[in-house]
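Engineer: For the protein sequence lines, the chains are A and B, in the order given. For reference, each letter of the first sequence is one residue, going 24 to 618 in our numbering. For reference, each letter of the second sequence is one residue, going 241 to 423 in our numbering.
In short, the hints are calculated from the structure, not lab data. Since we're looking at a predicted model, the values are computed, not measured. Ideal Cβ placement from N, Cα and C applies to all residues, glycine included. Treat the hints with care, since some could be wrong.
[To be verified] Examples of chain A residues lying across from chain B (beta carbon under 7 Å, computed):
id, residue
1, HIS160
2, TYR179
3, VAL180
4, THR214
5, LYS218
6, PRO339
7, SER340
8, PRO471
[To be verified] Mimicking DSSO-like on lysine-lysine, the simulated pairs with C-alpha atoms at most 27 Å apart in a straight line are:
id, chain 1, residue 1, chain 2, residue 2
9, A, LYS237, A, LYS368
10, A, LYS237, A, LYS227
11, A, LYS539, A, LYS579
12, A, LYS213, B, LYS320
13, A, LYS227, B, LYS387
14, A, LYS347, B, LYS387
15, A, LYS220, A, LYS398
16, A, LYS225, A, LYS99
17, A, LYS344, B, LYS320
18, A, LYS237, A, LYS99
19, A, LYS220, B, LYS320
20, A, LYS579, A, LYS398
21, A, LYS368, A, LYS218
22, A, LYS99, A, LYS213
23, A, LYS99, A, LYS227
24, A, LYS398, A, LYS227
25, A, LYS344, A, LYS220
26, B, LYS350, B, LYS387
27, A, LYS218, B, LYS320
28, A, LYS213, A, LYS237
29, B, LYS320, A, LYS225
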Amino acid sequence: MAADLTAAPTEHMTGAEIVIRALADQGVEHIFGYPGGAVLPIYDALFQQNSIEHVLVRHEQGATHMAEGYARSSGKPGVVLVTSGPGATNAVTGLTDALMDSIPLVCITGQVPTHLIGSDAFQECDTVGITRPCTKHNYLVKDVNDLAQVLHEAFYVATSGRPGPVVVDIPKDVQFATGGYIGPRNVVHKTYHPKLKGDAEKIKAAIEILRTAKKPIFYTGGGVINSGPRASELLREFARMTGAPVTSTLMGLGAYPASDPQWLGMLGMHGSFEANNAMHDCDVMLCVGARFDDRITGRLDAFSPGSRKIHIDIDPSSINKNVKVEVGIVGDVAHVLEDMIQIWKASRAQIDPAGLMDWERRINSWRARNCFAYKTSETTIKPQQAVERLYELTKGPDTYVTTEVGQHQMWAAQYYRFDEPNRWMTSGGLGTMGYGMPAAIGVQKAHPEALVIDIAGEASIQMCIQELSTAVQYNLPIKVFVLNNEYMGMVRQWQQLLHGSRYSHSYSEALPDFVKLAEAYGVKGLRCEHPDDLDATIQAMIDHQGPVFVDCVVDKMENCFPMIPSGRAHNEMLLGDVGEKTVNEAITEEGKMLV
Amino acid sequence: MRQPTGSAYFMEEHHEAVARHTLAILVDNEPGVLARVIGLFSGRGYNIDSLTVSEVSHETNLSRITVVTTGPGEVIDQIKTQLDRLVPVHSVVDLTLTGRALERELLLVKVRGKGENRVEALSLADAFRARVIDATIESFVFEITGKPDKLDQFILLMKPLGLVEVARTGVAAIARGPEGMDG
Numbered sequence: 024m025a026a027d028l029t030a031a032p033t034e035h036m037t038g039a040e041i042v043i044r045a046l047a048d049q050g051v052e053h054i055f056g057y058p059g060g061a062v063l064p065i066y067d068a069l070f071q072q073n074s075i076e077h078v079l080v081r082h083e084q085g086a087t088h089m090a091e092g093y094a095r096s097s098g099k100p101g102v103v104l105v106t107s108g109p110g111a112t113n114a115v116t117g118l119t120d121a122l123m124d125s126i127p128l129v130c131i132t133g134q135v136p137t138h139l140i141g142s143d144a145f146q147e148c149d150t151v152g153i154t155r156p157c158t159k160h161n162y163l164v165k166d167v168n169d170l171a172q173v174l175h176e177a178f179y180v181a182t183s184g185r186p187g188p189v190v191v192d193i194p195k196d197v198q199f200a201t202g203g204y205i206g207p208r209n210v211v212h213k214t215y216h217p218k219l220k221g222d223a224e225k226i227k228a229a230i231e232i233l234r235t236a237k238k239p240i241f242y243t244g245g246g247v248i249n250s251g252p253r254a255s256e257l258l259r260e261f262a263r264m265t266g267a268p269v270t271s272t273l274m275g276l277g278a279y280p281a282s283d284p285q286w287l288g289m290l291g292m293h294g295s296f297e298a299n300n301a302m303h304d305c306d307v308m309l310c311v312g313a314r315f316d317d318r319i320t321g322r323l324d325a326f327s328p329g330s331r332k333i334h335i336d337i338d339p340s341s342i343n344k345n346v347k348v349e350v351g352i353v354g355d356v357a358h359v360l361e362d363m364i365q366i367w368k369a370s371r372a373q374i375d376p377a378g379l380m381d382w383e384r385r386i387n388s389w390r391a392r393n394c395f396a397y398k399t400s401e402t403t404i405k406p407q408q409a410v411e412r413l414y415e416l417t418k419g420p421d422t423y424v425t426t427e428v429g430q431h432q433m434w435a436a437q438y439y440r441f442d443e444p445n446r447w448m449t450s451g452g453l454g455t456m457g458y459g460m461p462a463a464i465g466v467q468k469a470h471p472e473a474l475v476i477d478i479a480g481e482a483s484i485q486m487c488i489q490e491l492s493t494a495v496q497y498n499l500p501i502k503v504f505v506l507n508n509e510y511m512g513m514v515r516q517w518q519q520l521l522h523g524s525r526y527s528h529s530y531s532e533a534l535p536d537f538v539k540l541a542e543a544y545g546v547k548g549l550r551c552e553h554p555d556d557l558d559a560t561i562q563a564m565i566d567h568q569g570p571v572f573v574d575c576v577v578d579k580m581e582n583c584f585p586m587i588p589s590g591r592a593h594n595e596m597l598l599g600d601v602g603e604k605t606v607n608e609a610i611t612e613e614g615k616m617l618v
Numbered sequence: 241m242r243q244p245t246g247s248a249y250f251m252e253e254h255h256e257a258v259a260r261h262t263l264a265i266l267v268d269n270e271p272g273v274l275a276r277v278i279g280l281f282s283g284r285g286y287n288i289d290s291l292t293v294s295e296v297s298h299e300t301n302l303s304r305i306t307v308v309t310t311g312p313g314e315v316i317d318q319i320k321t322q323l324d325r326l327v328p329v330h331s332v333v334d335l336t337l338t339g340r341a342l343e344r345e346l347l348l349v350k351v352r353g354k355g356e357n358r359v360e361a362l363s364l365a366d367a368f369r370a371r372v373i374d375a376t377i378e379s380f381v382f383e384i385t386g387k388p389d390k391l392d393q394f395i396l397l398m399k400p401l402g403l404v405e406v407a408r409t410g411v412a413a414i415a416r417g418p419e420g421m422d423g
């Protein structure tokens, strides 16, 4: 585990003090945590210093999502501190979420003293065993003299290459013991050195393919965001130079501005008609920091059948995993795009203007289908309308949006438009209900002056609702905007489309009075039930200085469209205005078997 | 009805022929590293036909894991890249692809019998260059090394002669020629 063994410790201190010192030396300003028996020494050291601010959560899952929101919105790693046993197991959901969405986290867990490990001690669990498959890497530190080294390594591993969560499990006796401290600059990792620069020959080959395109498309993802703001700038520059239209996964929204004419909207299962059709019909696809997830590709054997594919990814295992590509470039998005732009310029490359114009004409015909159209009602708020109004009244570079998981998440992705990266935080890979509100707290901590909104559903919000208390304690003015349809909406939608409208356990009976619940926490509660009150309620939410909870009562039966039904291809989308019969026919028996 | 496979949509079914590959993996000899490798195989549904692991360099604290696995070429590629991104993994080499792999395994076999069977077992062992490392009036323990299929063959022959039990080490493999696996 130790890498640079020649680095001699400069100072000696207790393990708990080493933890605090290492965090401070890593530039950590905020940590999210919950105390318990096995981390008391670290909490004691925390008490006696001022450089790191601790946010006390109400449940360890909340701490992990806060750290995720913090990381995703700031580009810095999120740090979590929890105790042994249940503290660690409660963190597992958030760790898995961070692994799936490539979010850099360092999670410090307390452990029972080394001499009790394996004895089934009180609050003991095999933390490194449990978290091995849901972290990028994890450590159990048995010697206090390894602790500083391991902590610095943990930050290095979490933030380099494809980012991810790292757990450092520290037994209580190691926290008490005295050992040597070494600073982060003395730590060089022995094995882990991800490749940032793309292979020059492959980049050249990619350019050669791209310049022959007549119907190009850029399919971008969370890797552009993770690569840093420079990657988003380069993506914009390269798209402008080539004239290629741009679509993005859920995780990549904001890397390319939604207000740009070359923007096609999100792709995938609930993506736009124009993005999915363009993916299907393109002749050259440049995938930038995305991973051909099943929500994106739809039916694999009918995925973009006529295109030559280029894939840029920092993780070699993502290339050729789901979809075979002609050129796979292993590297960091910003580094690779920079090289591509340089070669493109130097070789005066250009995509055939006539072909591009034709392609634009076809794309415009798909755009004209206006796939996000919906019917409004005079008496009932439509969820799409609620998000649209929310967008109009809150848009701006200082607005950050998080979501829970379900219909509201897809509506937020479809109707809220992002022009900048790091403004959109959502649980894409794991699909964790309960993610959004704690994530919003983390975002607010990183951006105290910003407007931070959690677009939520009434089912998801209840999975981590206890964190309202955290928002109140630290006076974090997050705005929770619940689209309340009394159903687990996405479950109900699938039951309607795939299971003969048998709504098995997807209706939330006995919902709490959310306004009263919010007030009980000390959060301002607002309810909105009529379309005419929508704007005023949103305005009241923005104007209130502290945290606000809006219970926005929306149409119960609205479905999320467009939709690629299970087992179908990109060009077989269902649009919102088709009849129920067509919807039923569109889904095959085989499709019903899939998730 | 065609059964859907994979999690969400039809995954392409693998029609490509499966092949046996021997991978050599150089890792830091630290606690949990074997669990990481095995967990990756079970978590992602890859096969392990044989597995050996041992420290190979005490000074540099390195262990070498040899895994024999079967799968279509693209799955083998996935296994390799997935292994490669484990943090304590130094390098992964597909020895089968080098075309120059030497593979050996050690087998211990206990055979119990009297009379003709006993004589026959002993002469077969001699033909296979197995060594007797324990003997009683009614049993032998043979030690034999060789390629896995040679050991399979030896076990097959011992079966009717009173085979009691078998212990195998799994395959250790190395490439021919002067170069080490890190080139």
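Engineer: Run every hint past the structure and note whether it holds.
Structural biologist: Against the structure, the hints come out as follows:
1. Hint on HIS160/A holds. Least Cβ distance to chain B is approximately 4 Å, under the 7 Å limit.
2. Interface hint status for TYR179/A: violated, as the beta-carbon distance to the closest one in chain B is roughly 10 Å, over 7 Å.
3. A hinted interface residue such as VAL180/A counts as satisfied when its beta carbon comes closer than 7 Å to some beta carbon of chain B; here the least separation is about 6 Å, so the hint holds.
4. Here the hint on THR214/A is kept, as its CB sits about 5 Å from the closest CB of chain B, short of 7 Å.
5. Restraint check, LYS218/A versus chain B: the minimum CB separation of about 11 Å is more than 7 Å; hint violated.
6. With 7 Å as the threshold, the beta carbon of PRO339/A comes within range of chain B, its nearest partner Cβ sitting at about 5 Å, so the hint holds.
7. Taken as an interface hint, SER340/A checks out: its beta carbon lies about 4 Å from the nearest beta carbon of chain B, inside 7 Å.
8. With 7 Å as the threshold, the beta carbon of PRO471/A stays out of range of chain B, its nearest partner Cβ sitting at about 35 Å, so the hint is violated.
9. Of the supplied pair hints, the one linking LYS237/A and LYS368/A holds, its CA atoms being roughly 19 Å apart against a limit of 27 Å.
10. For the given pair, LYS237/A sits about 18 Å from LYS227/A by alpha-carbon distance, which is consistent with the 27 Å threshold.
11. At most 27 Å may separate the alpha-carbon atoms for a hinted pair to count; LYS539/A and LYS579/A meet this at roughly 22 Å.
12. Restraint check for LYS213/A and LYS320/B: satisfied, since their Cα atoms lie roughly 20 Å apart, inside the 27 Å limit.
13. Among the hinted pairs, LYS227/A with LYS387/B is inconsistent with the structure: their alpha-carbon atoms are about 45 Å apart, more than 27 Å.
14. For the hint linking LYS347/A to LYS387/B, the alpha-carbon distance of about 35 Å lies beyond 27 Å, and the restraint is violated.
15. With a C-alpha separation of about 49 Å, the suggested pairing of LYS220/A with LYS398/A is violated against the 27 Å cut-off.
16. Taken as a hint, the LYS225/A and LYS99/A pair is broken in the structure, with Cα atoms around 31 Å apart against an allowance of 27 Å.
17. Restraint check: the Cα-Cα separation between LYS344/A and LYS320/B comes to about 12 Å, which is no more than 27 Å; the hinted pair holds.
18. Distance hint between LYS237/A and LYS99/A is unfulfilled; the C-alpha atoms sit about 40 Å from each other, more than 27 Å.
19. Simply put, LYS220/A and LYS320/B have alpha-carbon atoms about 21 Å apart, close enough for the 27 Å limit, and the pair holds.
20. Restraint check: the Cα-Cα separation between LYS579/A and LYS398/A comes to about 14 Å, which is no more than 27 Å; the hinted pair holds.
21. For a cut-off of 27 Å, the pair hint linking LYS368/A to LYS218/A stands: about 24 Å separates their Cα positions.
22. A distance of roughly 23 Å separates the Cα atoms of LYS99/A and LYS213/A; the hinted pair therefore holds under the 27 Å criterion.
23. Of the supplied pair hints, the one linking LYS99/A and LYS227/A is violated, its CA atoms being roughly 33 Å apart against a limit of 27 Å.
24. Between LYS398/A and LYS227/A the CA atoms are separated by roughly 49 Å; this puts the pair beyond 27 Å, and the hint is violated.
25. With a C-alpha separation of about 21 Å, the suggested pair LYS344/A and LYS220/A falls inside the 27 Å cut-off, and the hint holds.
26. Of the pairs offered as hints, the one joining LYS350/B and LYS387/B holds, with about 19 Å between alpha carbons and a cut-off of 27 Å not exceeded.
27. The suggested pairing of LYS218/A with LYS320/B holds, with an alpha-carbon distance near 16 Å, which does not exceed 27 Å.
28. About 46 Å separates the Cα atoms of LYS213/A and LYS237/A, which puts this hinted pair outside 27 Å; it is violated.
29. Only pairs whose Cα atoms come within 27 Å are accepted, and LYS320/B paired with LYS225/A is accepted, the gap being roughly 20 Å.
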